Each structure stands twice: as C-alpha cells, then as structure tokens.
Amino acid sequence: MSDISQLKPEGVWRNFDAITRIPRPSKKEEKIARFLIDFAKSHSLPHKRDGAGNVVIFRPAAPSREGAPVVVLQSHMDMVTEKNANVAFDFDKDPIRTLVDNGWVRAEGTTLGADDGIGMAAALAVLESEDQLPAIEALFTVDEETGLTGAANMGGDMIKGSYLINLDSEEEGELFIGCAGGVTTSATFQYDEIETPRGHVFFRIDVSGLKGGHSGCDIEKGRGNANRILARLLTQIEQHTELALSYFDGGDKHNAIPRESYCIVGVPVKKVKTLVEIYERFAEEIRFEYRITDPALELSLSEMPPTQTVIDPAVQRSLLVALLGVPDG
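In our numbering, the protein residues as written are 1 to 329.
These are calculated hints, taken from the structure and not from any lab test. A hint or two may mislead.
Once the Cα atoms are required to be at most 20 Å apart in a straight line, the calculated SDA-like pairs of lysine to any residue come out as [unchecked claim]:
hint, residue 1, residue 2
1, Lys271, Glu242
2, Lys273, Glu284
3, Lys27, Lys83
4, Lys211, Val105
5, Lys211, Lys271
6, Lys270, Arg204
7, Lys273, Pro197
8, Lys8, Trp104
9, Lys31, Ala52
10, Lys28, Phe39
As the structure is a computational prediction, the values presented were derived from the model and not from experiment.
Take the sequences, apply the hints, and build the full model.
Encoded structure:
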C-alpha cells in the first residue's frame, strides 16, 4: 500500500488518503458520514444532516468576502464497489489498498473510489484552507451510484447557496453546465433447469484481465466488456454444435464495465475438438482485437465435471442475444 498523503496538492491527497480508509458502499454511508461530521467538529465548522443521510458543512465567508454569493461544493459519499474475483476484500470492512503506478494512483485489485472520493477530498481541502473565500456550503450526498436517492430526497433547508459546483466530473480542465440524465434498464429471465444431456463434456471458460472502467466516462474508449466477449464466443460455438449452458457469471455493477466473466458449458463428446478449435481461434482473434485498449486480456478453457442441470435452450439463446445487444457498459 502506497502512502499517497504526501502527494501534491497536499490538502487534497491527505484527505483522499483518509477517505480511502473508510468503507462506503452505496446505502452504507454511516461511517463516512461520521468522518465528515468529526471533520466539521475538529475544525469548528457548523454542520447538519438531513433525514436522507446527506451532510452539509458550512464555512463562513472571510471578512473580505462577506456579502459575496454563497457557493455550494457538492460531491457524493458512496463509491462503486467492484473487485477482481481472485482478490480477498470486504468493502464493508476493509480500507482500499492504494498504490502509485507510473504516475497514477490506483487500487490493488478493487475500484479506487476516486468517484467521488477525490471530489470529497477537494471540498474538505477548501474547507480547511486559509484562502480568503466566500461562504462555502460543502454538500455530501448519499447513494449517488445506485439511484441519486440522496440528492432526490435532500432536506429543503440543507443549503442556501446561489451557485453550485458539482465535484463529480472526470474531465480535467473542463466544466459541464448540463446533463442529459441516465436510464437504468433491468432484464429478468425466468427459465427452467433441465436435466443435463447425456454424453456431454463440460468446460469452464474464463475472460479476465480487462481494464473495465465507468460505464459513463469510459464508454467511448473501446474497452472490452467481459460479458459480451464471452457471449460472442458462446455464439460461435453454438453455430457449430449443440451447446448446453449451465452457468454464466459476470459483472455485478450497473455502472461498471465488466472486467471478468466466466461460464460453464457442455458439448457432445464428439464435438469437443470443435469447441477447442473455435476457442483457440477466437482467443487469438480477440486478443488481437483488444491489443491496444486491453493488452492484458486473458481467456482460459478448462474441463469440468458434468453438471446435473443446464439452462433451457430457448432461454439460453435469448440470454446470449441480450448480452450481445447491450452497450459496452
């Protein structure tokens, strides 16, 4: 774990370092809210918290700035909690393990939480700075990542500022003055499990090593989506042999590009060679396709014991079509 508290600007990184040590999944922001309240008390700054769990800390105007409009600095407390499958980590308890990699601050095997921990850290740095500033209301909302419920249910008396700066942007040196909004779509497949066909050999196929990223700000970077890559492979196999899908697992956050995915599938014993040939050809092609955006992409194929049941073939086809049709996020 790297010491990032000494990076510059020191006030921002010291506060961000402290924030990374506090678990803060969406809808579980009590610990980070207590940290913010303790910060306010230690700096003798007025604060309040509403029924939704949002916190606001108020810094009075410097004498030379009295009468200037009050400025609201808004950020959110929660973070996307995603980790690599081979990493032992509990987002409800463990601090983020930070490291400095080639000039970038990253996390070891998990999301870093800079969205929006760095925005929170910037607001705290402003609150404790010695600059001559107008009155500041630092607003920290809850549950941004899974529905903006903190902002939607904010108490009417929380802020009075005339201008609001949202500290949740990813583009350095740019300001946004509007937002098109977002839409969340959930699809549920109901299916019957059927008895595994006789004479099938089963395999586990893994996709891993992808960069992933935010499904908003990273969507245009051409990065691989592990679910779609795996669905592409299964579709090719399905075109050449009977395919029995027993299990498919990949991605667990609606706003994060899946970095890992795996499935368990069976094919007739006489088609094992066909499956291996399709897999090897696809693996070579997909690594070449993502050689620039995801150079660490890995695929693996390993034989598994037969499963007792598989997914109904009609639902299997619908699932693969759905996975191939969704955006990369």
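Requested in this report: Assess, step by step, whether the Cα of Lys211 is no farther than 20 Å from the Cα of Val105, and give holds or violated.
Outcome: Status holds; Cα separation ~15 Å.
Query raised in the report: Keeping to a limit of 20 Å between CA atoms, is the pair of Lys271 and Glu242 held or broken?
Result: Distance ~8 Å between Lys271 and Glu242 Cα, so the pair holds.
Query raised in the report: Has the given pair, Lys211 with Lys271, been kept, meaning a C-alpha gap of at most 20 Å?
Result: 33 Å, violated
Query raised in the report: Within 20 Å, alpha carbon to alpha carbon, are Lys270 and Arg204?
Result: 18 Å, holds
Requested in this report: Decide if the proposed pair is consistent with the structure: Lys8 and Trp104, CA atoms, cutoff 20 Å inclusive.
Outcome: 13 Å, holds
Query - Hinted pair Lys273 and Glu284, Cα distance within 20 Å - result: At roughly 17 Å apart (the allowed maximum being 20 Å), Glu284 and Lys273 satisfy the hint.
Query raised in the report: Under the criterion that the straight-line Cα-Cα distance not exceed 20 Å, is the pair Lys31, Ala52 satisfied?
Result: The hint holds at about 15 Å.
Query raised in the report: Would the pair Lys28 and Phe39 pass a check requiring their Cα atoms to be no farther apart than 20 Å?
Result: 19 Å, holds
Query raised in the report: Between Lys273 and Pro197, does the CA-CA distance stay at or below 20 Å?
Result: Measuring from Cα to Cα gives roughly 18 Å; hence the hint holds.
Query raised in the report: Within a Cα-Cα threshold of 20 Å, do Lys27 and Lys83 meet the stated pairing?
Result: Holds, at about 18 Å.
Hint 5 from the list above is the single one not met by this structure.
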